[in-house]
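Visitor: Sequence:
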Amino acid sequence: MYSGLLIVLLPLALGYCIPCRSQSIVHVINVSVARMVYLILFLMGISLAFVDNLSSHLGTIFTLCLVFLGCITLANLAGLWLLDIKRGRVSGERGAPAISKWALLLDSAKLCLVILGGVLLGQFLDPEWFAVDSLSEWALMLLLLLIGVQLRNSGMKLRQIVLNPWGLAIALVVMVSSWVGGLAGAWLLDLPLTQGLAFASGYGWYSLSGILISDQLGPVLGSAAFLNDLARELVAILIIPALMRRHPSCAVGYGGATAMDFTLPVLQRSGGVAVVPVAIVSGFILSLAAPVFILSFLSLSA
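Take the sequence shown: its position 129, counted from the start at 1, is 128 in numbering that gives the first Met the number 0, and no numbers get skipped.
Source of the hints: derived by calculation from the structure; they are not laboratory data. Virtual Cβ for every residue (Gly too), placed ideally from N, Cα, C. Each hint should be verified, as a subset may be incorrect.
Distance ranges between label pairs, derived from CB positions [claimed, not checked]: (1) 23 - 175: 37 to 43 Å; (2) 30 - 115: 22 to 28 Å; (3) 57 - 132: 19 to 25 Å; (4) 54 - 245: 22 to 28 Å.
Generate coordinates for the entire structure from the input sequences, incorporating the hints supplied.
Guide: Shown next as structure tokens:
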């Protein structure tokens with residue numbers, strides 16, 4: 000457990016200690032993070048190709064994904080709905096620039112194609128000399144270092160997080176309700192409960208959950224975790240506009256860690272500027288919590 004946490008948290012902490020005042024450098028870092036995600040998913044596809052009798056495992060991958068997605072979605076929306084009963088509707092002006100929902104869905108489809116490309120290339124590689132696990136580990140550490148720099152320079156201060164009780168409440172409800180859904184999914188699939196908790200702790204961060212779970216439980220379960228968190232992001236894009244007016248906590252919280260980046264433009268368009276700080280705070284907290292809880296639960300299942 001401790002070596003895994005060190006691999007994840009050390010580069011994240013080092014990156015967070017790096018101040019960056021140049022907007023051009025920040026832009027380069029943002030672009031690099033996007034490219035690194037593609038690289039990590041490509042390597043995960045190669046790792047998946049090295050699985051014996053891959054075709055026989057596809058049913059398992061999709062079954063795991065659908066069961067966990069269903070259980071976690073129901074638990075998240077139920078918990079966030081209860082939070083909305085106390086808070087009421089969101090207020091704020093609309094009018095953010097329109098964003099094509101289909102363009103966002105296309106971006107997610109590209110991620111699946113990158114994994115497929117890795118699977119195809121992996122058919123021609125020899126697992127004996129291509130150290131895909133080591134490459135994935137180093138790529139993940141570089142990604143986390145860059146994400147740490149992003150978090151440091153996002154303008155989000157500890158004071159802002161503490162003084163945003165709505166964002167804190169959303170993050171807490173997402174964590175607890177995700178674990179409830181993960182336990183339900185593990186029970187239905189007859190898996191160890193700790194593995195269900197690990198699956199549920201990705202909070203939409205597919206590149207992280209896929210690699211960490213692949214490293215500990217194998218590429219089949221890692222691919223299922225990736226698809227589960229990617230599907231969560233796709234569902235969030237589709238339901239945010241419909242939920243925002245009456246159930247803003249559901250709209251913000253269901254996107255999980257992506258509320259501070261990928262789904263943020265959709266949230267801003269649907270809820271206006273008032274919802275932006277709430278989304279950033281909840282996404283920020285869930286992004287920091289995901290690697291800690293995934294590795295903690297995986298260590299208990301070892």
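Visitor: Go through the numbered hints given earlier and state which of them the structure violates, listing their numbers in rising order.
Guide: Of the numbered hints, just 4 does not hold.
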